[in-house]
Structures are given as C-alpha cells and as structure tokens.
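Participant: One-letter residues, chain by chain:
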Amino acid sequence: GAVVSQHPSRVICKSGTSVKIECRSLDFQATTMFWYRQFPKQSLMLMATSNEGSKATYEQGVEKDKFLINHASLTLSTLTVTSAHPEDSSFYICSARDGVSGSPEQYFGPGTRLTVT
Amino acid sequence: AQRVTQPEKLLSVFKGAPVELKCNYSYSGSPELFWYVQYSRQRLQLLLRHISRESIKGFTADLNKGETSFHLKKPFAQEEDSAMYYCALGQGAQKLVFGQGTRLTINP
Numbered sequence: 002g003a004v005v006s007q008h009p010s011r012v013i014c015k016s017g018t019s020v021k022i023e024c025r026s027l028d029f030q031a032t033t034m035f036w037y038r039q040f041p042k043q044s045l046m047l048m049a050t051s052n053e054g055s056k057a058t059y060e061q062g063v064e065k066d067k068f069l070i071n072h073a074s075l076t077l078s079t080l081t082v083t084s085a086h087p088e089d090s091s092f093y094i095c096s097a098r099d100g101v102s103g104s105p106e107q108y109f110g111p112g113t114r115l116t117v118t
Numbered sequence: 082a083q084r085v086t087q088p089e090k091l092l093s094v095f096k097g098a099p100v101e102l103k104c105n106y107s108y109s110g111s112p113e114l115f116w117y118v119q120y121s122r123q124r125l126q127l128l129l130r131h132i133s134r135e136s137i138k139g140f141t142a143d144l145n146k147g148e149t150s151f152h153l154k155k156p157f158a159q160e161e162d163s164a165m166y167y168c169a170l171g172q173g174a175q176k177l178v179f180g181q182g183t184r185l186t187i188n189p
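Residue numbers (the numbering used here), protein chains in the order written: chain A, 2 to 118; chain B, 82 to 189.
One or more of the hints may lead you astray.
Below 25 Å or equal to it, Euclidean Cα-Cα: the simulated SDA-like pairs (lysine to any residue) are [as the list claims (entries may be wrong)]:
| no. | chain 1 | residue 1 | chain 2 | residue 2 |
| --- | --- | --- | --- | --- |
| 1 | A | K56 | A | R25 |
| 2 | B | K96 | B | Q175 |
| 3 | A | K42 | B | K146 |
| 4 | B | K103 | A | K56 |
| 5 | A | K67 | A | F29 |
| 6 | A | K42 | A | I13 |
| 7 | A | K42 | B | V178 |
| 8 | A | K42 | B | S111 |
These stretches of chain B come out as covered by chain A in the derived footprint (C-beta under 8 Å, 3 or more residues) [unchecked claim]:
| no. | stretch |
| --- | --- |
| 9 | 121-129 |
| 10 | 179-189 |
These are calculated hints, taken from the structure and not from any lab test.
Ideal placement from N, C-alpha and C gives every residue a C-beta, glycine not left out.
Working from the sequences, and respecting the hints, build out all of it.
Facilitator: In structure tokens, the structure reads:
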C-alpha cells in the first residue's frame, strides 16, 4: 500500500514553455502533498506544501508564480513550472501524507526529471 | 527551530564491517524520527521509524532524547546497503525536516 505515482517520469521542454507534473496517491487519501527539488547527489529541498482544497504554502525563496501548485482532490496534486528556463532543469519529487493516520510519515513518488533546453 | 544534522556527507566502509550513520536533531517538542533510504535510480523509501522500534534489513536506530540523536546502525554491512540515507524529523501534520544525507558506500 501507500503508493505515490508521478507523471511524466521525464520531460524535455523548450525555454519559455510551461510544464505540468502530476502526483497521485494510488491507494490512500492524501490531505497533504509536498513538492521537492533534488539536485544531483544532494538532499531534497522542500519547495512547497500542498493541502487539498487550499492554497499551497511555499518555502522561502521559492517563486509561487513560477511554480504553480494545485491540489484539487485527495489523490492528485500538480506542479506547473511556468515559463521554464534552463536553470529550472532538475529532478522534481512529490510526496504524500496519509491524512487518516495522522503520522508525519511521507510516501514518495519516483520523481520527474525536467530538462529545459 | 527544527533542525536535523547528518555530519557525514560521505561514509565508506568495507563489507562485513559495522556501520553507523549519525543523526542529531533539535526540536522542542516530542518529534517522530525517520530514516529514509534512496538506492541508485530508485525513489526515496522509508527504512525505519523510531516509534516502531523495528529492525529493517539489519538496520536499527534508537532515539536518544538526552543526546538528541537517532543514529542508524548495522553490525555487518553488505554491498547492497550502498545508498543515500536521510534522517528526517516530523510531528503530526507538519512537514518533515530532512538532514543533508549521507552517501554510504560499501566496499567489497
């Protein structure tokens, strides 16, 4: 149980375009989802916390107008990278909490590698 | 403020040797501590949580509130233990705070 999927697993886009990444909890209801960014051989950097039905909470230094997060249902959150630039190329990972358990434990998706050319 | 410190960025040991990955935390309340592992080209996955006091893949971790530590230990390292290990702290509905991670390499 507790599986989180991400789509796409890999995407290449041109500079200036927007890209949407989906994160789904497959067998549980995720009241809270998280979006991370991971640089090669480095730790995860939390970008934002997404609560179902409300606005996302962004970490300091993360541009909310550039990284649009929507969490419209208990099983789906999306991250849209708007007007992407090469410096946005990275590995984006989502995770989800099981809202029923009350535990802070997070279940992670496999990640999406974004390359902006 | 919540903080998790993993002092070793890299750790290399020989197969069969004991392993200890250090984790120290700062938190004013009663946190939950976790160890996550990321094998090469795989997603981050939960290895241990302190509340369950279990041993997974031979690894154990004991929460020491006096020393504010949650070190991960294994008596005999195996090559398949090579991975990135992250210590994390959380409570209730709050976000998890991750350490910087330790890359463990087991040499044959």
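Participant: State for each hint whether it applies.
Facilitator: Hint-by-hint comparison with the structure:
Taking the CA atoms of K56(A) and R25(A), the gap is about 18 Å. The hint holds against a cut of 25 Å. Only pairs whose Cα atoms come within 25 Å are accepted, and K96(B) paired with Q175(B) is rejected, the gap being roughly 38 Å. Taking the CA atoms of K42(A) and K146(B), the gap is about 30 Å. The hint is violated against a cut of 25 Å. The straight-line distance between the Cα atoms of K103(B) and K56(A) is roughly 36 Å, outside the 25 Å bound, and the hint therefore fails.
With a C-alpha separation of about 29 Å, the suggested pair K67(A) and F29(A) falls outside the 25 Å cut-off, and the hint is violated. A threshold of 25 Å between alpha carbons decides the hint, and for K42(A) with I13(A) the separation of about 21 Å falls inside it, so the pair holds. At roughly 18 Å between alpha-carbon atoms, K42(A) and V178(B) fall within 25 Å of each other, so this suggested pair holds. Proposed proximity of K42(A) and S111(B) is contradicted: the alpha carbons are some 31 Å apart, above 25 Å.
Remark: the stretch 121-129 of chain B is confirmed as covered by chain A, as 5 of its residues place a Cβ nearer than 8 Å to a Cβ of that chain, reaching the required three. With 5 residues bearing a CB less than 8 Å from a CB of chain A, the stretch 179-189 of chain B meets the requirement of three and the coverage assertion stands.
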